[in-house]
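Enquirer: Going letter by letter, the sequence shown gives residues 1 to 410 in the numbering used here.
Quick caveat, the hints were computed from the structure, so don't treat them as lab data. Among these hints, one or two may not hold up.
[Stated by the list, open to error] Simulated restraints, written as ranges between beta carbons of each label pair: (1) I99 with V154: 19 to 25 Å; (2) S353 with L176: 22 to 28 Å; (3) G354 with S240: 52 to 58 Å; (4) M39 with G75: 42 to 48 Å; (5) S148 with N68: 19 to 25 Å; (6) S30 with F332: 19 to 25 Å; (7) H229 with C402: 21 to 27 Å; (8) S30 with S353: 43 to 49 Å; (9) V123 with G9: 33 to 39 Å.
Beta carbons are placed, not taken as given, at the ideal position from N, Cα and C, and that holds for glycine.
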Amino acid sequence: MTPFSVIFGSLFFYLSVWLVAPVEVKYAPSLEAVLLLVMGQLSLVIGWMSCQLFIPSIAKPAKIELTNSYLRSLGAAFNMLLLLAIMSVFFKFVDKVIIRDVLSFSSAAERRYSLESTSIFGVLAGPFYALCLSLPAFLNVLDLKGYSRLFVIVLFFIPAIEILFIGSRGIVLVTLFILFFYTRFVFKVKTLSVVILSIVGVALFYVSGMILLNRLEAHGISPLYSAFHSNYAFTLVPSSLGASLAEDGGIFSVFYFVIINFAQYYLHGALEFSFLLDNFEEYDHQFGVYTFSVIAKFFGVSVGPDFLESASPRSGIYTTILGPLWVDFGFFSFLFLSAWAMVMTLCYYKFRSGKIEYLPLYSYMSAVVFFAPVVNLIQSALGVYILVSFVTTILSVKVFRCGFRLVARR
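Sequences are here, hints too, so could you generate the full structure?
Expert: Structure follows, in structure tokens:
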């Protein structure tokens, strides 16, 4: 799972889906959009190659030893992060179950609409809620077993379960991708990792389709009507063969609809980016407010639903990783992508040297790159919160390590 395999594996999988998907293009992309998307992928490659070519081998970290000082730092950081994660889950529970009573709604659509606003407990839960996703990285190094190990694993799945409960799916993809890294590098299940995660992936794939079907039923919309008239259908519609399979009423018709929905979900971003480019005014660049709206809100910049909808010509869709970046930075987006790939590669070197605290950030940055042809995960799926939590994971280990060194010197 090197940066090279993530970048090119992403392109291979995306193009493979295009080859077999039962859909046809309704909004043809412009040549300019295609060239910019290619430049975006090349920017990731350039960022990765920069670390390969310009960082001397002596600067790449050598294998470290698991000294008592390092293990104590990991243990102290883990305890602090675990406490923050538990507090965040508690605040999230108070916000959604006690204050807004989401359990009283019968459908995922109703629960989703009830969460458009938030309370003070939701605000308090936000910054460190994603720490649930970083904690399993410490399990083997700290040799946690029994109920402690089980508790951390349960915490890991809470964000995904919560999102599924309200009828959304974005964080599920991120959770699954991070789980793949943990399965390979923490739990050391190398032979079965692909099989296990393939089964989990198919199950989540089907569950996500059923969530969509339930959401459509709540609005009285038929699945096939949705496939032709949803936001995704603006650029992609089912092919004649796909439509006939989905509407024949047979035992596999639901499965065919799920495949069509997945294809539209996964492929429409590149076409939507072309539409964005065709309808975007250069003077409307937002300089980071669109992609990093959570940070903008923190610093008091007004970022309401009206702004987020007006910043892009169409809402409720994906425009690949490049779309939100283009709205914010224009051609400087390519510098951002190269820098992202460079930092990801540096995290890879740190992790492979034995610094386990870099694994969560590397796995998340890899998820962003893998789904770059589809969506900007920094903007969606708790993106900024995950970055804050995973950077906090690294910094907490460094702080405790420095603290233990100072105490030892005294």
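Enquirer: Give me the numbers of the hints this structure contradicts, sorted from smallest to largest.
Expert: 7
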